[in-house]
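Under this note's numbering, residues 1 to 260 are what the sequence shown spells out, in order.
Because the hints were derived from the structure by calculation, they are not lab data. Mixed in with the good hints, there may be bad ones.
Unchecked claim - Computed list of lysine-lysine pairs in DSS-like fashion (alpha-carbon distance at most 27 angstroms, straight line): (1) 56 x 78; (2) 227 x 78; (3) 27 x 227; (4) 78 x 232.
What the hints assert, rightly or not - Distance ranges between label pairs, derived from CB positions: (5) 185 x 104: 30 to 38 angstroms; (6) 195 x 33: 19 to 27 angstroms; (7) 238 x 199: 20 to 28 angstroms; (8) 126 x 47: 25 to 33 angstroms.
Source: prediction; values computed, not measured. Here a beta-carbon is modelled for each residue, glycine too, at the ideal position from N, C-alpha and C.
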Amino acid sequence: MNWDTDLYHHHVPPRFPSQYDGEVPSKVMRYYNGEVTEAADFYWYRDVENSGRLAKLDSQRNYMMDQFGQYRHAVEYKSFGVAACNPLLPIMVVAQDPLYSETAYWELLRIFHPPTIPGLSQAVTINSDMGEGGGPVLYIAGRSPSWMPSLLPSTYRSPNRNPPRSLGLGGELPIVLGLMALYAAQDTNNTSIDNVFLGHNRVWRHGVWNSNEPPRGHPPTASEDPKGFVVKVFLDPDNFYSTPENLRSLEWESAIVRET
Numbered sequence: 001m002n003w004d005t006d007l008y009h010h011h012v013p014p015r016f017p018s019q020y021d022g023e024v025p026s027k028v029m030r031y032y033n034g035e036v037t038e039a040a041d042f043y044w045y046r047d048v049e050n051s052g053r054l055a056k057l058d059s060q061r062n063y064m065m066d067q068f069g070q071y072r073h074a075v076e077y078k079s080f081g082v083a084a085c086n087p088l089l090p091i092m093v094v095a096q097d098p099l100y101s102e103t104a105y106w107e108l109l110r111i112f113h114p115p116t117i118p119g120l121s122q123a124v125t126i127n128s129d130m131g132e133g134g135g136p137v138l139y140i141a142g143r144s145p146s147w148m149p150s151l152l153p154s155t156y157r158s159p160n161r162n163p164p165r166s167l168g169l170g171g172e173l174p175i176v177l178g179l180m181a182l183y184a185a186q187d188t189n190n191t192s193i194d195n196v197f198l199g200h201n202r203v204w205r206h207g208v209w210n211s212n213e214p215p216r217g218h219p220p221t222a223s224e225d226p227k228g229f230v231v232k233v234f235l236d237p238d239n240f241y242s243t244p245e246n247l248r249s250l251e252w253e254s255a256i257v258r259e260t
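Build out the structure end to end from the sequences listed, making use of the hints.
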């Protein structure tokens, strides 16, 4: 992988898809009623004409067709790139699929503090649809979050003398999922991510993050290459409640990661 550098010679994610070595897809996962399970009835693939598709499979794992004879695909909601660069430049994000098209720029992850929900931290970019309030900043809204440093490094701790009690982490859903993925140790086939989302001992369970350990997927030094994920969120055609409106409500009106 051919990483770019910023003005201070930090390694940052590349601008062009050709600079990446490719991708190692994780399992397709389904979120429903606070639980994450493997969505074995879907198959993720890329082709040269689009940024990837999530195809519906039947019980024999054949592509399913709709009434018009077309392959059934889930509708994409959002895509983000999320990368951990180094301890001095912890998290960078981009609001697109960086493996599909050139990125104008990656930016530092920022946090929005919704004035109507004191203590809630929302992971955003400069251009996120975050609602009214002050501009996004580089520190969280509340004190003593249960998900730090697992999801965000301690450099994002609030500098305020007496911040409100943390009410959790919300905001752009793909960013939050990317932070969770970066908690997992790096491996060649992404199986370590299963332990974050799937199984009896999964770390994100019933909306609560069950670890206070540092992330295993972050580069330990400034000389290491960045580690990153492309996170795609799709609408679930088998879930009546999986709509853009309900996902926006999840992102901006509540905590995706609740406090313990």
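Outcome of the hint check:
no. : hint                          : verdict
1   : 56 x 78                       : holds (18 angstroms)
2   : 227 x 78                      : holds (20 angstroms)
3   : 27 x 227                      : holds (19 angstroms)
4   : 78 x 232                      : holds (6 angstroms)
5   : 185 x 104: 30 to 38 angstroms : holds (31 angstroms)
6   : 195 x 33: 19 to 27 angstroms  : holds (21 angstroms)
7   : 238 x 199: 20 to 28 angstroms : holds (22 angstroms)
8   : 126 x 47: 25 to 33 angstroms  : holds (32 angstroms)
When held up to the earlier numbered hints, the structure conflicts with none and fits them all.
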